[in-house]
Amino acid sequence: MSAGSHDGKPVRIGVDIGGTFTDFQILDSRSGQIRAFKVPTTPEDPSLGLMEGIHGAAARDGFRLDEVGYILHGTTIATNAVLENKLARGALVTTAGFEDVLEIGRHNRRDIYATWPRPVPALVPRSRRLGLRERMKADGHAEIEPGEADLEAIITRLAGLEVEAVAISLLHAYANPAHEARLAARIAQSLPGLAISCSSTVSPEIREYERTSTTVLNALLQPVVRSYLERLERRLAAEAFEPRLLIVQSNGGVCAPATAAAEPVRLLLSGPSGGAMAALGLSRTLGEANVVAVDMGGTSYDVSVVREDRLEIVTQSEIERLPVRVPMIDIRTIGAGGGSIARLGPDGGLRVGPESAGARPGPVCYGRGGTEPTVTDANLVLGRLDPAFFLGGKMALDLEGARAAIRSRVGTPLGLAEDAAAAGILRLTNTSLAAAIRVSLFEKGLDPRDFTLLSFGGAGSVHACAVAEELAIRRIVFPVDASTLSARGILEADIEHAFARSLIRRFEPAAGETLARLAAEMTAQAGAQLAADGIPPERRRTQLAIDLRYRGQAFELTVPCLDSGFDPAGIAAIAGRFHAQHEQRFSYCNPGDAVEMVTLRRAAKGLLPRPAAVESPAEAAGSPLGSRPVYLADRWGEAAVWRRESIGPGLEIAGPAMIEEAYTTIYLAPAWRLRRAAGGHLVADYQGEGG
Amino acid sequence: MAASGTIDPIELEVIRNALTAAAADMDVTMWRTSRSTIVREMLDYSTAIFDAAGNNIAQSARIPQHLNSMGYGLRAILERFIPAGEWQDGDVIITNDPYCGGQHLPDILSFRPVFEAGRCIAIVGTLCHHLDMGGMSPGSYAATATEIYQEGLRIPPVKLFEAGRRNEALWALIGQNVRQPATVMGDLQSQVASLGVGVEAITRLARRYGGDTLQKAAARLLDLSEAAMRDCIRRIPDGTYTFEDFLDDDGITPDRPVRIHAAITVAGDRLVVDLSGSAPEAAGPINATLGSSSSAVYFAIMAAADRPIVPNAGCYRPIEIIAPEGLIISARHPAPVAHRIAPCHVLLNVVFGALSQAIPDRMPAAYYAVSYVCSFQTRAKDGTRKVLVEIEVGGCGAHPRGDGANALSFGMHNNAAIPIEMIESDVPVTYLGYALAPGSGGAGRQRGGLGLTRIWRIDSEAATFTAQMDRFRFTPFGLQGGGAGAAGRLTLTRDGALQDLPSKVANMPLRKGDIVQLVTSGGGGFGPVAERDPAAIAHDREEGYVLDR
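Sequence order for the protein chains is X and E. With the numbering used here applied, the first sequence corresponds to residues 128 to 818, in that order. With the numbering used here applied, the second sequence corresponds to residues 679 to 1227, in that order.
Chain X with its partners taken away, still in its complex shape:
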């Protein structure tokens, strides 16, 4: 189906399926309005909740299903399959003699004091790891060609293993994929129906363990993701609903369902990418060049950084300690959220998290059987949450239960009053949130004081002022629809593909011809892919970048080629950018040293048509709903209570104040002043001394 038939339709939907809620953002180009919607997630079949939500939103907002042009869909189906170990049964073919690379890994350990260290699990057991007699060298020439009998032997063994998927990862296949391609063709011919993943397709980059791990994950996810997408497409078809469906990837872009089914590893770390994308969009809207965005939900705190109008993309990350080499937005996650449990450690000291009460049983105040006090309970006890207005009043909170739990499990053992104990839980939480932000910036050589804090997620905005003060950050942005911001980022996504080719050699004019050839091949590859996606040439954008390092270094920096070609002047210009980038990131550079190239990368973007949204009409300056007692840093005080929608332009609110909205609450601490900015976002500035 071509993209064109969908482009004229007025409604676009961004949907983010999380563990607890399925969040929607719906843009209707006729009104120019973007509206949020939320339904509970249906874990047994997430597509069910997705469809229910769309019906619900259509009924509320008055659009018809045939007016929906695009559905941009963020899903944790791949992530959850790995976390819950619900992967397909698969096999792995490697170069003979290297079958155990997957199990040996890089052989360093995490928990250094453990007397019984648990290694990273090998997802394909030794008995299903097969060695092919072949050998490719680093320069792409074959030292040993696999014979027909060798290929046949692999087919025979594979046939006996009763597997649904096979990963093929041969040494140096990034340099020459010929052996992998031959084996894949033979398998496809002899064992049709078996899902095949080749390392030279999934992750054609150097470093055998990381490439093999990525390829194996891809293979074992293929059957899982394919069946989910088929189910979803059947569900849409059953209602004669034919929007263009696109799936969110870890780098914040989207891809066609067929691409997602063939390379499901692209989705693996996509969960937090929507929020980061939204942060980028907001930094542009608000003219804030440096933004550190934090997404705090029930169990985790994700930190991403927008600097000088861009998000940092990393080329490798991990899940369950398994390396995954796909481009993803650089996000640091710590286990701290509203559900984080406060309890006493073995030495009698108070600890908060990383254990979480999750959604079930959840905090004590949810009244679902939770007995250990959580961060949410502490916020409730201190008046930072309104027991009658949680989730916009849809869920009553058990204040007395929360108080009793904090008293008995924290206050009494530590000799603290109930409110002091609750304040202690929050203080510990806020300092660890601040520490996560500080280290995220430090590792990039950045100073928190140069940043604006963007706070979103359901649980983040009651902590934002304290976290900012801890870091001497003087401005906080509380965006519109903070609890569905991730879906908002998804709504603005474009189609993206990433192509990579590794080739280690000196980065010098003599390499120009080879580089130009590789770049041209990748351009053709990108063009073909975007054409298959139905993107016309005028909406295609590609960018070339190259991973460079000083000779002898074991890590690389990705340097954009911009408009430099691979003639001697262009190569000199790119090398110059490498030195400068190295200086910025690592505080030194060696312009006299030899520079080596490792991987050439082509990012290809297909711009989706973007209907313009308009700002909702500004309402007149409003007034507070009333006030309630709120525990400030060390004493109770009275804070004005506002509904967010009643904060009109021109109004300035001084802390302490509580600002309530349906799925989140802002606690504006003393010394902060808040106003409504462009787009309805709220901006708070620190009025205190220091910083």
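Hints were generated in silico from the structure; no laboratory data involved. Please read all numbers here as calculations on a predicted model, not as lab measurements. One or more hints might be untrue.
Derived list of chain X stretches under chain E, where covered just means 3 residues or more per stretch with a C-beta under 8 angstroms from a C-beta of chain E [claimed, not checked]: (1) 224-232; (2) 249-256; (3) 464-477; (4) 558-565; (5) 672-682.
We put the beta carbon where it would ideally sit given N, CA and C, even for glycine.
Once you have looked at the hints, place chain E on chain X.
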């Protein structure tokens, strides 16, 4: 025990977290600004915060060998070389001398005091393994050294910065004595930058909470860890437990095993580790000073704790180490110490072995206990040279709760493997295999982890090969009737003929086409093999973890 006044329990936890975060900020700064692959890929450095008396109060989790030795070095400096009264604001004090509190010459310790209102309230420190410190061999790992003078430049405790002013003469002196000075001096600069970040973080805390509160909190944190450690020791039955193991040889005198012996006495909440039964100093560079070996003892006992403890110097207080001078684990000047990690690996196993008699339900059998260091220098026809240094690992000991891990860094080191594709892109060698070594795990109710095999083929015109290994003769022991892990083995295949090599090889010439094969030892087994679950036996066969008999 340090006196500790009252402190708000929440404030204490906030400060505890902030101190750990400060060590982590220092860690990230060190990593970000350093130049060598030793720091960047092998992560061979550590950062820590100390109280003004030199007690470790917070640390970043990196290398076990470093973690519990930095305080030892700092206290040696304070007590014997530069007393507290001579430390000024803005000083950076360094040493690499094993006989002044250091480990071995490539490791430079650096410290900087934190001043508040004119007095020192804390000291921040880093330890970095440098690429080279001079001496007779690249990397300052001289396999045939018989005295420390051959191992490289010794820096006694001196001021690299004095009240903020750079000691240019010292920088120049170091730069003149090391191979690849740009890298070494760059990493030293990173240590200075990391200390600066640490000072900032502690100063921020002092401004917020006051120097007095900070010091009170530090004292309280030490007391809490001490109490937790004493609780753990109290749960170990009283008694004296002895154990011993041997290093194969010292590389200078063949066929003379080197004994490592420990007698551990548990009495209530105290624990005495007597190492007097260990062998005298060796001629070759496998000696450790007490700073190194006490780190192995502390690490072993902290790892043996049955509840999570917060690692800091308070954990050391209930532990007494007895070690007369002049032994392999308490070497005296001028004994060579480049491979001081070798006796520390074995000492860790010995302490575990002794403790297993008291707490058999939670101590593992022996791990491979050696850093398998192999280095190749290839030489092409045109004279181009390439250097390749690799450190391999073996199998972990079986644990009462389950089989030992296969091929995983354990014990005193924690290094990562270098990707084969990266090496083959740079160095003229071809790998013929990298695999687990079936059958190498010690048999038992719980099986020892498997060692591994790594095979190199030399593609250059010529090469030289150096190896510093062990466990070819004395194998990782089993416990409670479990079998020992298989011995390691190093072979050379030339023109189709295979020959065994010794565990220590210095500058052996190799030719094009030569094949070097390393098989590392597996871990020891636990419990009688007759009691092994039949399903586990079937699984081992199916997965090829054991050899068919």
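Quick rundown of the hints versus the structure:
With a cut-off of 8 angstroms between beta carbons, the segment 224-232 of chain X has 8 residues touching chain E; three or more are needed, and the interface restraint holds. Taking a C-beta to C-beta cut-off of 8 angstroms, the segment 249-256 of chain X contributes 3 residues in contact with chain E, enough for the three needed, and the coverage statement holds. Coverage of the segment 464-477 of chain X by chain E holds. Counting CB-CB distances below 8 angstroms, 6 residues qualify, and the rule asks for three or more. Against chain E, the segment 558-565 of chain X contributes 4 residues with a C-beta closer than 8 angstroms to a partner C-beta. That satisfies the three-residue criterion, and the hint holds.
Counting residues of the segment 672-682 of chain X whose CB falls under 8 angstroms from any CB of chain E gives 4; the rule of at least 3 is met.
Hint check: no violations occur; every hint is consistent with the structure.
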